[in-house]
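Engineer: Got chain A sorted already, so can you dock chain B onto it with the hints?
Read off the chains here:
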Amino acid sequence: MNRPMIEIRGLRKSFGTHEVLRNINFTVDPSGVVALIGPSGSGKSTLLRCINLLVRPDDGAIRVGDAQFTFDHAARPPKARALAAFRARTGMVFQNFNLFGHMSVLENVMEAPIQVRKLPKGAARDLAMTQLAKVGLADRADQMPQTLSGGQKQRVAIARALAMEPEVMLFDEATSALDPELVGEVLATMRALAQAGMTMVIVTHEIAFAREVADRVVFMRDGVVVEDGPARQVIDNPTQEATRSFLSHFHASPA
Amino acid sequence: MYEWDFSVLWTYRWLFLDGIIMTVSLTVAVVLGGLAVGLITAMGMLSGSRILKAVALSFIELFRCTPILVQLIWCYYALPILTGIELSPIAASIIALSCYGGSFYSEIIRGGIVSIETGQREAGLALGMTPTLAMRRIVLPQALRRMVPALMNQSILQFKNTSLVSVLAVPDLVYQGQIAAHDSFRPLETYTAVAVAYLVILLPVTLFVRHRDARFGGAR
Chain A
1 MNRPMIEIRG LRKSFGTHEV LRNINFTVDP SGVVALIGPS GSGKSTLLRC
51 INLLVRPDDG AIRVGDAQFT FDHAARPPKA RALAAFRART GMVFQNFNLF
101 GHMSVLENVM EAPIQVRKLP KGAARDLAMT QLAKVGLADR ADQMPQTLSG
151 GQKQRVAIAR ALAMEPEVML FDEATSALDP ELVGEVLATM RALAQAGMTM
201 VIVTHEIAFA REVADRVVFM RDGVVVEDGP ARQVIDNPTQ EATRSFLSHF
251 HASPA
Chain B
1 MYEWDFSVLW TYRWLFLDGI IMTVSLTVAV VLGGLAVGLI TAMGMLSGSR
51 ILKAVALSFI ELFRCTPILV QLIWCYYALP ILTGIELSPI AASIIALSCY
101 GGSFYSEIIR GGIVSIETGQ REAGLALGMT PTLAMRRIVL PQALRRMVPA
151 LMNQSILQFK NTSLVSVLAV PDLVYQGQIA AHDSFRPLET YTAVAVAYLV
201 ILLPVTLFVR HRDARFGGAR
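In order, the protein sequences belong to chains A and B. Last residue of the first sequence: 255 (the working numbering), numbering continuous. Last residue of the second sequence: 220 (the working numbering), numbering continuous.
Okay, chain A solo, but in the shape it has when bound (with noise of 0.2 Å):
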């Protein structure tokens, strides 16, 4: 068995009085697709904003790949340097894109390694290139975010977020808010990454899509984990009530 990519053992969260994650316990294999499904407020994106502590636990330990965070509510916490260290490794993607409006398409995929990785303008410049080729916008790279279309300003995140060369993707409901017709283009460079390797956490409502690229699906509710299983057998065959219940509210039909 091989050590699992990212680990977290024993991870809570709360917000004033409301606790959001109880206890979460939870591993990714190297080049493991988990989806995260639940209700709204099940916790399952705080849970995803933990693993690159965009959310800062109050309890519990991260590890992604070699770096580890241990926390504990009464320790100090830990430096902003060390943090943006941290998340350097991942990379993620949000439901409403926040592409940089200031920068054109190929400033945005070309920031962070300049500002973060300190690549050279010149090998910055062809890593995007690069990156935005691979998910098809390469001839947009000089037009400012606002003139694309939804599903063309999440492929751009997406590959801004690859520039990174992150070891794990994070998405974060990342077809929420598209207009229909164009989930398709963002969910295919999403299956095209999974085919390819890449270790990805993926909060969802799209169950069929779910099914269909994550090999392992983990249903939340308040702040725990319900069941967590193979895609196919959590979606077709759930052993807890609670998951049919949710999942009777989408008519997963085979992909």
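Since the hints were made in silico from the structure, they are not lab data. It is possible that some hints are incorrect.
Claimed, not checked - Listed below are the simulated SDA-like cross-link pairs for lysine to any residue, each with C-alpha atoms no more than 20 Å apart in a straight line:
| no. | chain 1 | residue 1 | chain 2 | residue 2 |
| --- | --- | --- | --- | --- |
| 1 | A | Lys118 | B | Arg137 |
| 2 | A | Lys79 | B | Ser49 |
| 3 | A | Lys121 | B | Arg136 |
| 4 | A | Lys79 | B | Cys65 |
| 5 | B | Lys53 | B | Leu69 |
| 6 | A | Lys118 | B | Arg136 |
| 7 | A | Lys79 | B | Leu133 |
| 8 | A | Lys79 | B | Leu52 |
| 9 | A | Lys79 | B | Arg121 |
| 10 | A | Lys79 | B | Arg50 |
| 11 | A | Lys79 | B | Pro131 |
| 12 | A | Lys118 | B | Thr132 |
| 13 | A | Lys118 | B | Met135 |
| 14 | A | Lys121 | B | Arg137 |
Structural biologist: Chain B in isolation, oriented as in the chain A frame:
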């Protein structure tokens, strides 16, 4: 009926020119100084630290809620006694006007930064930027664009507020006007000319701001 005679003012043209140069230089200094003070206090207001926030808030309210004329006089007479550092009238003027303007710039800058959605900051952080780098490269450039009209308005006020430094005998346009008025016994003509000089300098700036607003207003 009073007989207007502007021709006497020609004698004082170099005096007026000196005054205009002083007023414009002072404006440049207190706009830059005010922006620096505003940026620092805005960062204080936005910081996670309660102490920094309290210090910034106290500073802003102190200068927002006292008259600039009082601040000018206070900086010239009281500040040197408190600090033991002798201040020239010009230095005292720049300090007072920078702090006064800065307290207003601060709110503009803070509002502009807050208006850039948190998603932009998060996207920067997720790419491995430190909060400082994300602020400098991602949030501030976009916030500044949004702030330009309000910052321009405040800078116009800074320009006009420099007229108060004559109370400290700083030889700005108003002060030189006073000299000319006493010397020529023509105060009506002199102060009319001073007012026109302010108008002539400012009008192109305000028209530019208006033009820019009209062009970019819809696109934002």
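Engineer: All the hints need checking, so say for each whether the structure fits it.
Structural biologist: Tested hints:
1. A:Lys118 / B:Arg137: Judged against 20 Å, a Cα distance of about 14 Å means the pair holds.
2. A:Lys79 / B:Ser49: 15 Å, holds
3. A:Lys121 / B:Arg136: Satisfied, since the Cα-Cα distance of roughly 19 Å is no more than 20 Å.
4. A:Lys79 / B:Cys65: Violated, because 38 Å separates the two Cα atoms, which is more than 20 Å.
5. B:Lys53 / B:Leu69: 27 Å, violated
6. A:Lys118 / B:Arg136: Holds: Lys118 (chain A) and Arg136 (chain B) sit about 16 Å apart, inside 20 Å.
7. A:Lys79 / B:Leu133: 14 Å, holds
8. A:Lys79 / B:Leu52: Holds, at roughly 18 Å.
9. A:Lys79 / B:Arg121: Holds: Lys79 (chain A) and Arg121 (chain B) sit about 17 Å apart, inside 20 Å.
10. A:Lys79 / B:Arg50: 18 Å, holds
11. A:Lys79 / B:Pro131: With a Cα-Cα distance of about 11 Å, the restraint between Lys79 (chain A) and Pro131 (chain B) holds, given a limit of 20 Å.
12. A:Lys118 / B:Thr132: Distance of about 16 Å is within 20 Å: holds.
13. A:Lys118 / B:Met135: The hint holds at about 18 Å.
14. A:Lys121 / B:Arg137: 16 Å, holds
In this structure, the hints that do not hold are numbers 4, 5, in rising order.
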